[in-house]
Each structure stands twice: as structure tokens, then as C-alpha cells.
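Novice: Sequence:
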Amino acid sequence: MQTPALARRRRLGFAALLAALCLPELAAQLPATGRISGRIFNPATQEYVRNAEVSIEGTNLVAYSGDEGAYLLSNVPAGAVTVVVTYTGYDRASSRVTVAAGGTATRDFELRGSTYRPGTGRAAGEVVTLEQFVVSSEREGNAKAIMEQRAALNMKSVVASDNFGDVTGGNIGEFMKYLPGVVIDYNNADARAVRIGGLDPKYAAVSIDGMRMASAASALFGATTRQFEFEQASITSVETIELNKTLVASMDADAPAGSMNLRSRNAFDRKGREITATATVTANPYDLTWRRTPGPGDGVHRKIRPGVVLTYADSFRQRFGVQLSLSANQLYNEQSGLTHTFDNTSAARGPVINAMVFRDNPKITTRAAYGLTLDYKFTPELILSWRMSGSHFRDEINARTITFRAATAQIDPSSTLTSILAQPTANTTTRLESAIGHSDKWNDTVVYTPKLEFRRHDFQVTASGGYSRSTTHYEDRRSGYWANTSNWITRMSWRAQRTSTTSTDWQMARVSGPDWTTLASFNRADANPNNIGTAERTGRSQVWSGYVDAKKVFNLGLPVTVGVGLKSRLTAYDL
Numbered sequence: 335m336q337t338p339a340l341a342r343r344r345r346l347g348f349a350a351l352l353a354a355l356c357l358p359e360l361a362a363q364l365p366a367t368g369r370i371s372g373r374i375f376n377p378a379t380q381e382y383v384r385n386a387e388v389s390i391e392g393t394n395l396v397a398y399s400g401d402e403g404a405y406l407l408s409n410v411p412a413g414a415v416t417v418v419v420t421y422t423g424y425d426r427a428s429s430r431v432t433v434a435a436g437g438t439a440t441r442d443f444e445l446r447g448s449t450y451r452p453g454t455g456r457a458a459g460e461v462v463t464l465e466q467f468v469v470s471s472e473r474e475g476n477a478k479a480i481m482e483q484r485a486a487l488n489m490k491s492v493v494a495s496d497n498f499g500d501v502t503g504g505n506i507g508e509f510m511k512y513l514p515g516v517v518i519d520y521n522n523a524d525a526r527a528v529r530i531g532g533l534d535p536k537y538a539a540v541s542i543d544g545m546r547m548a549s550a551a552s553a554l555f556g557a558t559t560r561q562f563e564f565e566q567a568s569i570t571s572v573e574t575i576e577l578n579k580t581l582v583a584s585m586d587a588d589a590p591a592g593s594m595n596l597r598s599r600n601a602f603d604r605k606g607r608e609i610t611a612t613a614t615v616t617a618n619p620y621d622l623t624w625r626r627t628p629g630p631g632d633g634v635h636r637k638i639r640p641g642v643v644l645t646y647a648d649s650f651r652q653r654f655g656v657q658l659s660l661s662a663n664q665l666y667n668e669q670s671g672l673t674h675t676f677d678n679t680s681a682a683r684g685p686v687i688n689a690m691v692f693r694d695n696p697k698i699t700t701r702a703a704y705g706l707t708l709d710y711k712f713t714p715e716l717i718l719s720w721r722m723s724g725s726h727f728r729d730e731i732n733a734r735t736i737t738f739r740a741a742t743a744q745i746d747p748s749s750t751l752t753s754i755l756a757q758p759t760a761n762t763t764t765r766l767e768s769a770i771g772h773s774d775k776w777n778d779t780v781v782y783t784p785k786l787e788f789r790r791h792d793f794q795v796t797a798s799g800g801y802s803r804s805t806t807h808y809e810d811r812r813s814g815y816w817a818n819t820s821n822w823i824t825r826m827s828w829r830a831q832r833t834s835t836t837s838t839d840w841q842m843a844r845v846s847g848p849d850w851t852t853l854a855s856f857n858r859a860d861a862n863p864n865n866i867g868t869a870e871r872t873g874r875s876q877v878w879s880g881y882v883d884a885k886k887v888f889n890l891g892l893p894v895t896v897g898v899g900l901k902s903r904l905t906a907y908d909l
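Heads up: take any position in the sequence shown, counting from 1, add 334, and you land on the numbering used here.
Take the hints with a grain of salt, since some may be wrong.
[As the list claims (entries may be wrong)] When the alpha-carbon atoms are kept at most 25 Å apart in a straight line, the in silico DSS-like pairs for lysine-lysine are as follows:
1) 785 <-> 886
2) 901 <-> 886
3) 785 <-> 885
4) 785 <-> 901
It should be emphasised that the hints constitute simulated quantities derived from the structure, not laboratory data.
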């Protein structure tokens, strides 16, 4: 009697025998294949090109160039084939390549655009006539962004850091405001945080070369603790900015709004040595003079401030690469503003202005940053990288406000939106307030990222780790100030007039009460408790992370990438 187990064993044995007999025949029927590898180079910019589309004409075989412009086409039919390279904004390049069965053919390509013409040098003394002037730097940046987005597995926006020219102060937040779907949250004159798709900044994440950056979040514990503050990041050593609106499996899943990755410059992405030096001068039209003038604070300062950016990049025999960036700048900001408070509770009376705040907040911001990338090739397949970056930020704020305030009931019924009369009271309801706020913010941030990468044909393994630390502290008393002081004059009345409802040219007058030009009048009629305070504080955030990724590309009519990985991250706050 045949048992079910015995029947299964017989069926498996028969299947194995059939496979053994058929495999040689199937192998004989498979076409012989090989590989084509090479690099894509742009002679106009002296850079190796990433994300160029490389394909075999007449087939579905497609690959995109990666770091150092390298590409690899696998499972290419043996024999003569035509390799085609396409890149946005450049001429289509093609070449006939012969591939041996089981072998690897090498073919490098150079991109040619309408602005590149080799061998067009001029003889000495020859007159040059300009017919058409083309600015190509913006095109280069746009082409990088378009090709990066085409090659991506997810929905994202990519912008080259040089696409919009120099950014004031090197603040990445000032650059991010040009991206679609991004809104900047400003703190005074500084771009501090970003909103992606309208979500709160705490739902976005920022990393540099895939390593999450720490943020001390203004040294406070609360609703803004998780948000990243762009004051502490510099665009100096950044090549491209990637805004990922949707995620793939290899990305952290704790940023529902999206994530931003800052990609550092790499010496292997260029051919030859590059040294640049840039000097800048920043001025404010409100105080356009080389002389020292009063403010901010009690001192006198020059309002025209300097800046400098130095970069060095070189690859030694394409084996050891160095990319160094240094920057420092100062920026004077003159900030003034007027805020109205309206009471709209009375439909019959209409809107009533019951408070006006005049604000003046000049400040000098100091920034410095560095970025260093070292790459070493043990073999063409094994690369060790070390990336480190750091930034220093100081922002001394001297805010002064004058506030005219009254209860709506004390606003004379004859008042309008251009003429206001505040009646006196025997208490603090109608008053004039004078307040000064001072803070000296310091931030220092560092990021260290080592990486080991192994690539062989269609197989790649990457192991990386990182450490980031951000420290923020606020000073006031040690700088000779209090964080806030408030003084008032009460039991008085005031009048305000302006020319129209859209103007800010208010003319203020004292109708009755103490003389507001005399310091002795403040805090006399009514007590003003707790009107002096300090807000010195220190906060620190640290991030440790590490991951191992492996991926393999299979050609199943179309290239299919299979990836696996493991990642761990620990974030610590000391606030």
C-alpha cells in the first residue's frame, strides 16, 4: 500500500529528475550576455554626472549613473549594441559597443550641450563679437534636480544649492522657501523652521547624508522640542537638497510631513582640483554707512558686515578625495513693526482699536561653518568615507516696544480707525507701556558620519554610523542685561491719529496724566510687580545612529532592485 508520505517523496524525486534533465537544455537556450560599465562626465562643469539615464537601444535595459558618474548595465546581449545616454538639457549621446559573452565592456561618455564647443579658443589680439550670452549655472542646477527626481523611487523635490545664487547668511531655511509646498516659520528676521504640506514643523525631519541632525530646539521642552531649527545649519558644504514628500522602506518613518536630506559635496564627483574664495559685504538700507553708529544695544557698531567662503576639493589619483568648506559671516538686521489689536465684539460700533504696539528690534547675527569630507578607495569596489560638519551661531536680540493700551469701554465713542481717544481711568486700564527684551543666543552643532561601501557589479552593501550634537544656551545677565523689563504710566489718557486706515504714520499725543518724557513718571501711580526677569537656559540634544543596507539589481525584463537593511537610532534631550 502506498502511503501519502511515500507518494509525496516520489513526486518530489520525479520533479528533481525532470529539472536535472531540462536545465542543461534551458541553459543552452538562454542568450549569452555580458556587462557594460563606465562613467558620465560633464566637461562644462568638470563634474561627474549622477542620475544620467543609460540604456541599450531597442531593449528595456536601463540604468542610472550613481556616485562618481559610474553606471553598470547587466544582462546585455552579447555582440554589438548601441548605448544611449540622455540627460536633461544636453544632447543625446550614443556609442556602438561590442560585448563579449560573460565579459565586461567599458565605455565612458561626455555630455555635450549647446553652450559647450571644444576647440573654440581665440588667437591673440582677435576681436570677439558676442552674439548670444547664455547663463548656464541655473540650467545645470535644474538638470540635476530633474534627473534626480526621475531616478527616484519616491515622490520628492530636488534643488541644487547653487540654483538660486548666494543665500543671505548661508541659512538653509532661506533657500528652502523656494521649494514648492514649503512655508517658512520666521523668528524675528531668521528662517527658523519649515512647514511641509501645511503640517507643523515638528512633523518634518532633517538629515545630512542620511544622518539625522540633532536640534536643541531653543533649549526648551515643549511643543517645539522635536522641530529642527535651521539657524544651526549652513548651506556652505551642501551640493543638493532633497525634499522627500513620500517615504521608501529605507527611510525613517517618524516624519509624516516629509524629510529633508542635505547631500554633501564629494571630491570624487569632480575631475581635477578646485579652489574657490568668495568675499561678501552685506548692508542694510536703513543704516547704509561705513561709520560706527549707535545700536544694537548700548554700543556703537558698523552696520555693513563682512563674509567669506573658502572651498577646496581635490582627488589624488582618484583614490583619495578631499572636500573642505569654510565660511563665516555677519549680518545686521533692522527690524521694526507695528501691531494693532482690534475688538470686533460690537456689531453696531464696528471694529475698535484698543492697543497699538510699536516694536524696534535691531540685531547682529554671526555665523560660521565648516564641512570636511574624506574618501579613500582601498579598491575600486571598497570605499571608506568620513564626513564631518559643524556650525556656530550667535544671535543677540535687543527688542524694544512701546505699547498704548486701553479697554474698549475707555475708547471714546467718537473714535474711528484713523483717530482714537483713550479716556483716563483710576486704575491701570488705560496706560503706556515701555518694555525691553534681551537675549544672547548661542548654538554649536556638529555631525560626524563614517561610511564603508562595497560595490561589485549589481550588488552593493553599505554600513554607516553617525553622531550629532547640538547645544544651545541663552545669556542675559552675563551680558549685562535682564531678559525682560517692563515699565508703565497709568491713570492717563492718550490720543492717536493717522492719515488713512492703511498707513502706519500714527501721531501720538498725551491728553492728561503724568509726563511720559520723564523717567520718574513710570511705575509711580500703580505698582508693577515682577517687571524684571531673567531667562538664561541651556539645552543639548544628541543623536546616535547606525545602519547596514544591502541591495541587488535583477533584470526581469525591467531592472528590479531588492534591498534589505537594519537601522537603529537613539535621540537624547537634556533640556
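Novice: A separate judgement is required for each hint: does it hold in the structure or not?
Specialist: Hint check:
The hinted pair formed by residue 785 and residue 886 meets the criterion: a straight-line CA distance of about 19 Å does not exceed 25 Å. For the given pair, residue 901 sits about 18 Å from residue 886 by alpha-carbon distance, which is consistent with the 25 Å threshold. As the CA atoms of residue 785 and residue 885 are separated by approximately 16 Å, the hinted pair is consistent with the 25 Å bound. Taking the CA atoms of residue 785 and residue 901, the gap is near 14 Å; set against the 25 Å cutoff, the hint holds.
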